[in-house]
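**Q** Required output: the full structure, derived from the provided sequences and hints.
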Amino acid sequence: MQQATQPPAPQAAKPKPAPPKPPAEFQEGAIATMDVAGLVGILTNTSSTEFQKAKACMRAGELAKKEAVPALAALLADEKMAMYARYGLEPIKDSSADDALRAAMGKLKGNLQIGVINSIAKRRDAKAIPALAKLMYGTDAEVARASASALGHVGGPAAMKELQAAMVKATGMVKMAVGDACLVCAERLLEDGKRDMAMTMYASLTGPETPKPIRLAAMNGIIREETSLTRPR
Amino acid sequence: MPETIRNQVLRGEGPFGYRIRVNAMTTRRELLKAAVAAPMIVPSHVLGQRAGAVAPSDKILFGGIGIGARGQHDLSKILKIEAAKFIAICDVRNERRETIKSMVDQAYGDRDCKMYDDQYELLARQDIDAVLIATGDRWHTPLSIIAAQHGKDVYCEKPCSMSIEESWALAAAFKRYGRLYQAGCQRRNGANFQLCKDLLDAGALGKLKTLYANVGPSVNWPPLPSRDWLAAEELPPKQVLDWDRWLGPAPWRPYHSSYVRGGWRNFYDFHGGGILEWGSHTVDMCHWAAGLDHTQPVKYEPVGGNTGEYSVNCEYANGVKLVMRDNGWNGALNTGSCSFRLEGDLGWVETGDSTTIACSDNIKPLLRPTEPASLALENHMKEFIRCIPQRKQPSASAAAAANSHVACHAAFIAFQRGKTLEWDPAKSEFTNDEIANNMRSRALREPWRI
Chain A
1 MQQATQPPAP
11 QAAKPKPAPP
21 KPPAEFQEGA
31 IATMDVAGLV
41 GILTNTSSTE
51 FQKAKACMRA
61 GELAKKEAVP
71 ALAALLADEK
81 MAMYARYGLE
91 PIKDSSADDA
101 LRAAMGKLKG
111 NLQIGVINSI
121 AKRRDAKAIP
131 ALAKLMYGTD
141 AEVARASASA
151 LGHVGGPAAM
161 KELQAAMVKA
171 TGMVKMAVGD
181 ACLVCAERLL
191 EDGKRDMAMT
201 MYASLTGPET
211 PKPIRLAAMN
221 GIIREETSLT
231 RPR
Chain F
1 MPETIRNQVL
11 RGEGPFGYRI
21 RVNAMTTRRE
31 LLKAAVAAPM
41 IVPSHVLGQR
51 AGAVAPSDKI
61 LFGGIGIGAR
71 GQHDLSKILK
81 IEAAKFIAIC
91 DVRNERRETI
101 KSMVDQAYGD
111 RDCKMYDDQY
121 ELLARQDIDA
131 VLIATGDRWH
141 TPLSIIAAQH
151 GKDVYCEKPC
161 SMSIEESWAL
171 AAAFKRYGRL
181 YQAGCQRRNG
191 ANFQLCKDLL
201 DAGALGKLKT
211 LYANVGPSVN
221 WPPLPSRDWL
231 AAEELPPKQV
241 LDWDRWLGPA
251 PWRPYHSSYV
261 RGGWRNFYDF
271 HGGGILEWGS
281 HTVDMCHWAA
291 GLDHTQPVKY
301 EPVGGNTGEY
311 SVNCEYANGV
321 KLVMRDNGWN
331 GALNTGSCSF
341 RLEGDLGWVE
351 TGDSTTIACS
361 DNIKPLLRPT
371 EPASLALENH
381 MKEFIRCIPQ
391 RKQPSASAAA
401 AANSHVACHA
411 AFIAFQRGKT
421 LEWDPAKSEF
431 TNDEIANNMR
441 SRALREPWRI
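The listed protein sequences correspond, in order, to chains A and F. The C-terminal position of the first sequence is numbered 233 in our numbering, with every residue numbered one higher than the one before it. The C-terminal position of the second sequence is numbered 450 in our numbering, with every residue numbered one higher than the one before it.
Some hints could be false.
[Stated by the list, open to error] Computed cross-link-like contacts, DSS-like style, restricted to lysine-lysine with a CA-CA straight-line distance of at most 25 Å:
(1) 59/F x 65/A
(2) 238/F x 109/A
(3) 101/F x 59/F
(4) 212/A x 85/F
(5) 93/A x 238/F
No lab work stands behind these hints: they were computed from the structure. Note that the structure is a prediction, hence the values are computed from the model and not measured.
**A** Now the structure itself:
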């Protein structure tokens, strides 16, 4: 071990080899500080490039103004831009963003539909529960898994009812997703002060028909809650 | 957990007004795993461990996902630990799968390491207890959560998350599933760092005033990574590189070979700049040393620009200050990379990867020899493996990592916003800037979610 009496001279930082330079057309520039009107202008201009639209969406997500909703929603069906559109929509608090995502969920298929479902989950849009419940039983297993997961995140008694019903019917990887969603839903119920419902949800997952990781997690939830110092006594 | 309740749970009697449906498929070991939320000591003989050699059936079986240069360093430690065996590798790149298989098979003298290109196939293996995740940063949280959902314990390289939202989702998933998580913050098991913590804990430094975390030189890791794209190059054949899968949850952009060769760092879509690159180590160490693993600073003041020296001056609710600073590659006192410094009202101490310990004169008589820095990673991996049969969370747990990473992300956002931000740890929100709040999460590319 060395002990420093006089601080030794610091060594110079090791500079890295220069990385490739982004070309002018792929530099964010003024978009980074643009207001919502300018961003909508880019998003609705048919001559805007993919790069410009991508950056405009990300900036729109930072500002989170409802004026950007129609322009962002129009990109939800674009394979390359859909994720950027959701990047813009997810933080917008106005309900028009929920309306746009719900409308798109009914029209899109495959990964694009899954992306929209994931954004609905993040926003915890309770109005989407009936549609999500229906999609859980659809033919696309990945969409079904995403829908189950979204129901868990939305949470509340209505989602709980749908998930408990699906837990009985689902099989394979969809059952795993429904089980995971049940666990998340139980946590949401706990957060909302609905402890009895949450504990019922956990207990319903402890049977042999439940996939093992879910079963163990449900037991974990029961033990955690019942030994919590804050549990009602 | 009280003994009576634990016994009732283990017998499935359920003292809570409903019956837990324990069944023939639920083993005692499963129940012990489920009880991870309530720490308890399990005698080693209960789990079949004996002094000396480890029986093959008692070994912790590892899989690995996305093992590149850094991951090979982690893997080399696993291969040296008798209580563990590495049995499977998953990577989207064929050459990397082959490299890891060759490394593992050579170490064990067999041909048993299985290769996968789909993480779900590897995670579906019931015999795998734990996974090493050493992919690019964008994958760390989603893959860790998927692994927890499959009942696996996880050792994951840092930075562990790409956003504040991901940090909390990670901690929630590992709590939900009762899985163990060790962030690759190996300096928590470095003797020179431990000595500094010991000096603080023993009161030698007096009342803690300021923590310093080196976030590395801006010439290497600027605090504001580029939001630009590189020029498009022709995509390689899918069997050589599946660009869609390489991008994973990150936003789409045209292919450029530089990203795949490690040049993804310093691009915002893939990287959190210097504050996350090194702060995920050094802020984490400050939290660990100061007993702040459960919280984050309440104020973040950015100073400086994207080139030259910079800092983010932070403050905790208890008045302790945290300075995330560009202190050069080796630190101004030549204590080595990833250095941290603890300053109290009676003295100060600073160390880094050189293991040199610089300190105030009054502390010098208390210094003692420490270990080589290279042992930190081995000790960190050993700690993780030791915790698995005990079902005890390792020191760099998902919850601890979430708190230190949220602090880093909040500082990163303050730097991007160019203004002092105030933060409410209880609500996990900024109280003086709505745009900053909108930057707490990043959308994931479909079909990925957390």
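**Q** If you test the structure against every hint from before, which numbers come out violated?
**A** 1, 5
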